[in-house]
Each structure stands twice: as structure tokens, then as C-alpha cells.
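S.K.: Heads up: the sequence lines are chains Z and U, in that order.
Just so you know, we're using full-length UniProt numbering here: the first sequence kicks off at 1 and counts up by one.
Just so you know, we're using full-length UniProt numbering here: the second sequence kicks off at 1 and counts up by one.
Take these hints with a grain of salt, some might be off.
Because identical chains cannot be distinguished in the list, a pair is counted as satisfied if it fits within a single copy or across any two copies.
What the hints assert, rightly or not - Below, computed lysine-lysine pairings styled on DSBU-like, alpha-carbon distance capped at 30 Å:
(1) Lys278 - Lys290
(2) Lys132 - Lys362
(3) Lys26 - Lys386
(4) Lys346 - Lys143
(5) Lys7 - Lys51
(6) Lys125 - Lys255
(7) Lys267 - Lys86
(8) Lys168 - Lys92
(9) Lys51 - Lys290
Everything labelled a hint here was simulated from the structure, so no lab data went into it.
There are 2 protein chains.
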Amino acid sequence: MKILPNKTITDVSGFLASGIHSGIRKSGKKDLAVIYSEKEAIAAAALTTNKVKAAPVLVTMQNLKSESIQAIVVNSGVANACTGAKGIENAKQMVEQVADCLHISNEKVLVSSTGLIGTQLPMEKVLPGIEKACSKLSHNGGKDAAEAILTTDTFKKTIAVEVELGGKPVTISGIAKGSGMIHPNMATMLSFIMTNVKMSKSLLNQLFKESVVDSYNMISVDGDSSTNDMAIILANGMAENPLLDENSEDISKFKEALDFVNKELAKMIAKDGEGASKWMEVSLYHAPSKESARVFARSVVSSNLVKAAIFGSDANWGRIMCALGYADADCDLSKVDIFFGNKEDKIQVVKNGIGLLFDENKVKEILDQSFVNIIIDLKSGEYQAKAWGCDLTYEYVKISGNYRK
Amino acid sequence: MKILPNKTITDVSGFLASGIHSGIRKSGKKDLAVIYSEKEAIAAAALTTNKVKAAPVLVTMQNLKSESIQAIVVNSGVANACTGAKGIENAKQMVEQVADCLHISNEKVLVSSTGLIGTQLPMEKVLPGIEKACSKLSHNGGKDAAEAILTTDTFKKTIAVEVELGGKPVTISGIAKGSGMIHPNMATMLSFIMTNVKMSKSLLNQLFKESVVDSYNMISVDGDSSTNDMAIILANGMAENPLLDENSEDISKFKEALDFVNKELAKMIAKDGEGASKWMEVSLYHAPSKESARVFARSVVSSNLVKAAIFGSDANWGRIMCALGYADADCDLSKVDIFFGNKEDKIQVVKNGIGLLFDENKVKEILDQSFVNIIIDLKSGEYQAKAWGCDLTYEYVKISGNYRK
Numbered sequence: 001m002k003i004l005p006n007k008t009i010t011d012v013s014g015f016l017a018s019g020i021h022s023g024i025r026k027s028g029k030k031d032l033a034v035i036y037s038e039k040e041a042i043a044a045a046a047l048t049t050n051k052v053k054a055a056p057v058l059v060t061m062q063n064l065k066s067e068s069i070q071a072i073v074v075n076s077g078v079a080n081a082c083t084g085a086k087g088i089e090n091a092k093q094m095v096e097q098v099a100d101c102l103h104i105s106n107e108k109v110l111v112s113s114t115g116l117i118g119t120q121l122p123m124e125k126v127l128p129g130i131e132k133a134c135s136k137l138s139h140n141g142g143k144d145a146a147e148a149i150l151t152t153d154t155f156k157k158t159i160a161v162e163v164e165l166g167g168k169p170v171t172i173s174g175i176a177k178g179s180g181m182i183h184p185n186m187a188t189m190l191s192f193i194m195t196n197v198k199m200s201k202s203l204l205n206q207l208f209k210e211s212v213v214d215s216y217n218m219i220s221v222d223g224d225s226s227t228n229d230m231a232i233i234l235a236n237g238m239a240e241n242p243l244l245d246e247n248s249e250d251i252s253k254f255k256e257a258l259d260f261v262n263k264e265l266a267k268m269i270a271k272d273g274e275g276a277s278k279w280m281e282v283s284l285y286h287a288p289s290k291e292s293a294r295v296f297a298r299s300v301v302s303s304n305l306v307k308a309a310i311f312g313s314d315a316n317w318g319r320i321m322c323a324l325g326y327a328d329a330d331c332d333l334s335k336v337d338i339f340f341g342n343k344e345d346k347i348q349v350v351k352n353g354i355g356l357l358f359d360e361n362k363v364k365e366i367l368d369q370s371f372v373n374i375i376i377d378l379k380s381g382e383y384q385a386k387a388w389g390c391d392l393t394y395e396y397v398k399i400s401g402n403y404r405k
Numbered sequence: 001m002k003i004l005p006n007k008t009i010t011d012v013s014g015f016l017a018s019g020i021h022s023g024i025r026k027s028g029k030k031d032l033a034v035i036y037s038e039k040e041a042i043a044a045a046a047l048t049t050n051k052v053k054a055a056p057v058l059v060t061m062q063n064l065k066s067e068s069i070q071a072i073v074v075n076s077g078v079a080n081a082c083t084g085a086k087g088i089e090n091a092k093q094m095v096e097q098v099a100d101c102l103h104i105s106n107e108k109v110l111v112s113s114t115g116l117i118g119t120q121l122p123m124e125k126v127l128p129g130i131e132k133a134c135s136k137l138s139h140n141g142g143k144d145a146a147e148a149i150l151t152t153d154t155f156k157k158t159i160a161v162e163v164e165l166g167g168k169p170v171t172i173s174g175i176a177k178g179s180g181m182i183h184p185n186m187a188t189m190l191s192f193i194m195t196n197v198k199m200s201k202s203l204l205n206q207l208f209k210e211s212v213v214d215s216y217n218m219i220s221v222d223g224d225s226s227t228n229d230m231a232i233i234l235a236n237g238m239a240e241n242p243l244l245d246e247n248s249e250d251i252s253k254f255k256e257a258l259d260f261v262n263k264e265l266a267k268m269i270a271k272d273g274e275g276a277s278k279w280m281e282v283s284l285y286h287a288p289s290k291e292s293a294r295v296f297a298r299s300v301v302s303s304n305l306v307k308a309a310i311f312g313s314d315a316n317w318g319r320i321m322c323a324l325g326y327a328d329a330d331c332d333l334s335k336v337d338i339f340f341g342n343k344e345d346k347i348q349v350v351k352n353g354i355g356l357l358f359d360e361n362k363v364k365e366i367l368d369q370s371f372v373n374i375i376i377d378l379k380s381g382e383y384q385a386k387a388w389g390c391d392l393t394y395e396y397v398k399i400s401g402n403y404r405k
């Protein structure tokens, strides 16, 4: 696998995109993106588990039943959630407008929205906006699309990799919209992955589902997602590699590349948490099961108290113990070791569940970095997981407390 | 039932208390309390469900098995959690010292701690401190005890009520130590209730357990508690009312008074959340079950985004919908109505899951108050619940990020 620097989704053969300002956002920022696949693509998706689902989520759920997908339309600024029958109608109109402009059938179009809940979309701006975005589709439009899906994000999130399958170079690239909100279980998260791999739909489904669990779900707690969360992958087969299916030997090579793309985007989302001054990785080792490893890691990275301690560069490991203790997973926590720092250069602060004397200044140096690694060794099994998050800052409270203003 | 203004636990016949500075806290603040019952009392308790239990919790669990209890010793400043065998030894020594000073047996003494996790208690200060506190026990010491159990709390939490049972006045009074940390599922919560009621132990157990569920557990999420959480009730029988047991007609009268005491203390804890500028009550009506009512109400009151919106006086009801949607309970949320304000003077912002046009200025007036009431009507059943919390402020991040400094 190799990383393709500065490349994005429109560098994947067969994909065009655009991102424009339609007028939904009053700030003048780009607020509408269209992604188009020249060939019919197969799709897989992970949609929000929140019981309150935004209108675009409901419409996209429906259209994901079609055999193939050719376009995705995304707007920022208005979430089109809690908007009733009119909201559904508007999401459907967005789909129809894209289908009309691109001369494809409605069911080949997916729709996604992010922004304020409870406001109706200004369709008099959205519909001409879609027309404009469709007319601007190009092989250079990926970065504009990456920009148009953002809300309070401070940087565009995009990544591209190449992997060789059966002698053919296959590209995977994604763009994402980050945690508008710092708290993992409320992040509105959008991610759109394009690949030219030739693959069976069932395998694409399986691999994408698995990949989401260890990437986006490790920043956004499963079952605790926002009204609009959506991760979608389209595969158009244009790499012309030998068809990848459940019996192919190359599965792991593709899976590794797909996992990399999703994890990198997930990390960017964590890094760009609203108001964040630092971001952190929690590496959890030797858990009794894969799922418990995830639950423990997520519990630590989601703790307000841990987040605030990281903000204050305070080596308050008791809060990590506390977050492990109330996590909904079983393990004997009297064996846990905790370290701050990276694998090569770390300082142990807890041994067998009990605090050690440690050099506070050295740990403060580690915690003063913009990236903080917390290593937890449960010494109770063979499984590991990583979770990502950011600190809790004054700035977060300020942004989050005045979101609508 | 009548409220007894300015009365506290030592106004319940037969109870003495004291609160002193032993030297655990460097600030010179009171840090050690002893509560003593002249007569042997029966006890009931709710202890933390965190898998990481502090040493005093483990020792108290053991001593709660005895037939009767006569004393509780509590220190603030050091939680004696994650302190290993030495921590257990120290908690036991605290018990022994109280027993020695008061000439009672060890198993009649309960022990409780709150403060920083991972530090050993300075026993050279604690043991003389206990001796001093025991020598100062008095019928006026309740308020000193209420003060000595505090950490970052800004006011003493105490309440007392009287109820007549079989012609005899029965008193119930409690003191509590609040949410050092604003986030409900991490609040370290201590509560000590004294009553002179004459009651069977099984009934006391049952009523206290029920009462905790709708009071302290509605600010501190069940199963998500800190290493040191503890709520204890002692009943010494000195009111000489006819014995209350499962067959008594007066149960509901006593229960009402007990619930009042616990809920008032729970509300004080919410009000005094770390760095809080406002506190809020979430009143949830017409849920399909009692438990789902609790889960939905707690989900809203625990949401960082709702808390930050309340801080910013932002009528961002979408965040309330979102928190209802990811709550782990079932209900058709397309029927939900949401109001801000109190029952008599409220403004509806959501009807049947969809936002209404409302007077933003009027809602802002409501949200600018120091107490904010959020009313949620699920219109899906007969059950209701209330939950309490506070806003998320700059001040919280500041205090929480520098807790150890």
C-alpha cells in the first residue's frame, strides 16, 4: 500500500465532484457538494443508529436498496432533521434534481445533510445550487467537495492510497466531515469513500462494516450517534482488477488499505474536534475480548474528566481508572498498567491498578504536546483497540454554547 | 410532612456529629467528619457500581453485614482509591480508631472517603484527627460534619423534615457531598441520612433502594458511578413510633418524606455542579415505562451539547431531540413535544417531533434564569421521571483541568 500525497476522491478513476456555495450558509462558505461516478458503482454504508433519523438518512436508506449508485449530494448548514414530511419531501427533491441534471434515475442518488437540526432547507437556493454543482463536476473537484461538506471543521479531511491487486493499481480515497461536536457520542460524522476496485457487493458490505467498527466507531460511540451520521463507500470497478470476492487471496491487502483510509479520516476528525487544542490516542492492550477492548478504550477517550485533564496537562490517571471502571465491559482491573507517551518513550504511572511515583515534569512535557498517547495494558487477554479523541477546552464551551448564533 | 428549616442530622434525636480539620487538606479546610448514633442503628446503603471500588467502599461493604451500625467516619481530600493493600489497611485503621475512641466494636463503624484518586491517606494526620473528631461529637456538630465532607462544593448540603407516624414525630435529615465533577456519570457523590424512625431492616432496605433510584441516580447515571460513591441511611428507632414494617399503613407517609429528603439533596448536588452557572430540571412525561422515562430524562440532562446550550441561553432543542434519540430506551419519538419554562408558564418549541416557530426572546428570558426547566412530553404512556443537572461552563473546564493543582 502506498499513500498518494495531495490526492483526493476525484483522483480515483471514474469519479467527478464539485463543491459550491448555494446560499444555505449565510457566511458565503461552500455548502453543497455533488460526487458522481461515470460508471454505475456498488455501494455500502453505515448510517446513524439514532432513533431520530434525519430526512436524508431515511431517503438514502431507501435508495441504498438499488443495485447501483451513481451520485451523492451533500449539503452543510442545515441538517434537515426533525423536519417532518416536508423535510422528507425536500430530501427527495434534492435527489430528483441531481437525477435530472445528470440524466440518471432517482434511485441511483444518495443524499446527506449536516448542520442545524430543526430548520427546513431553503429549497429555492438548494435546487439551483444542485444544478450549478452538477454543471461544475470535474476531475479536479474533489477538494471543493471536501470543503463544501464541512461545518465548524477547521481543515479539509481527505486521504488517498493505492494498492496493487492482481497486477492492477487500485485507488481508495475518502473525504470526511468532522466532529462538529467534540463529545464522541454526539459527533455528526460524514464520510464518503470512493474506490475503483472491482469487488462483489457482499464483500464490499462486509469489509466496510468491519472497517467502520474500528475507525469511525472508535471516535463516535456506536448506538450513540447523531441524527445525520453517514459513512458511504462507492466502488466503480474501473481498476479492472480480477473481481475481489469472499474467496480472493487479496482480501487482506484491500482491507488493510481500506482500514487505513477510514482510520486516518477518523483521526483527522478527532484532531479537529470543536475547540480542541490537543488530540489523543488511547491504545488499549491485552483485553479479554475484541469488543471489551473497544468499550474500555472508548470509555476513556469519551470521559469529560480525562479530556479536561489532558487540556490542563494534568497526569490525573485516577480519572482513567474511573473511566475503565464504569465502562460496560468485564475485566479484572487490579492488573491494569497505565502509561503516558508513545510506545518507545513512555512513562508508567500505574502498575497493577495502583499509582506509581513518577516524574511529574516529564509527564507534563508529554501532556503539553499537541498529540497525547495514553497506553493502557489490561494484562488480561490477547485483544487490543485504539480510540481517538480530543481535549475539552474553554473554546469548546464557547463554540458549543453559541452554535446557533 | 413538614420541612424543619435550619435543622440538620444532629437535630435527629440520638445522633451526634463533628467536623474538623485534620490536615489532609492543605488549604486548612475541614476534612474529617464523624457521625455517631447513641443507640445501635440499622443501616441501608447504595454503594458505587464502578468496578474500581475505593478501599473505604470495600471496608464499608463488609461492615454493612453487621446487625447494627453506630458510627460513620468520612474524610475529604483523598479518595483512598487505587491504593492497593495499603489503602485497605488504612481504611480499616480509620474504622479501628473510631471504634477505639467510641468504645464500640469495629464492625459497627462505616468509612467513606472523597477526593483525589491514587494518593495514600496521611495516616499520621488522619488518626489523631479521628481522635479529635470523636472528642468533639455533639448535638450541634451536624453542620460541621456537612462542611467537612465537601470538596469543590460551594455550599453545605443539608435538609431535615418531620413526619408523624402513629402519633409520634419522626425526623429524617441528611447531609450530602456534591458533584465535584459536573458530568453526571462521574460525580463523586456522598450522602448520609439519619432518622429516628423505628423500622424493620428489610423495609428500610427496600425504601432506601427505591428512593435512591429516583434521586441520586437521576443525577448520577446508574452503573456509571465514581470509585467512591456512597449513600447511607441510619435509623436508630428513638422516635418510638409503632414499628414500621411491610404491613404498616404509614409506609407511604414515611416514603414520601424520605424521597423528599433524597431528592432535595440530589437537586442541591446538581445545583452545585463544578463551575455551574445554572442548573436545570428535565421533566419527562408520558413514557411507555418507568425505566424508559428515567433513561430518556437522564440522557438529556447528561448531554454535553444540551448543557453547553443552556450555558449559552440557546434554545437549541435539536440537541434535546438528538439526546432522546440515542438514549437506550424505546419509544416512538415522532410524537414528542418539548417546552422550556415551568408547568404554568411554558413555551412550546417542538410539536410531534418537529420544530415550531417560537418567540426566541421569550425563550431566551427563560434560559437566562439561574434555574431552567425543560419539559418533554413523549405522549406514549403513563410514566414520568425527573432528572437534574447543570450547565457546562468555561469555569468547569478550568476547575476540572487543574483539579490536582
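S.K.: Starting from the hint list further up, note which numbers the structure goes against and sort them upward.
M.R.: Structure breaks hints 2, 3, 4, 5, 6, 7 and 8.
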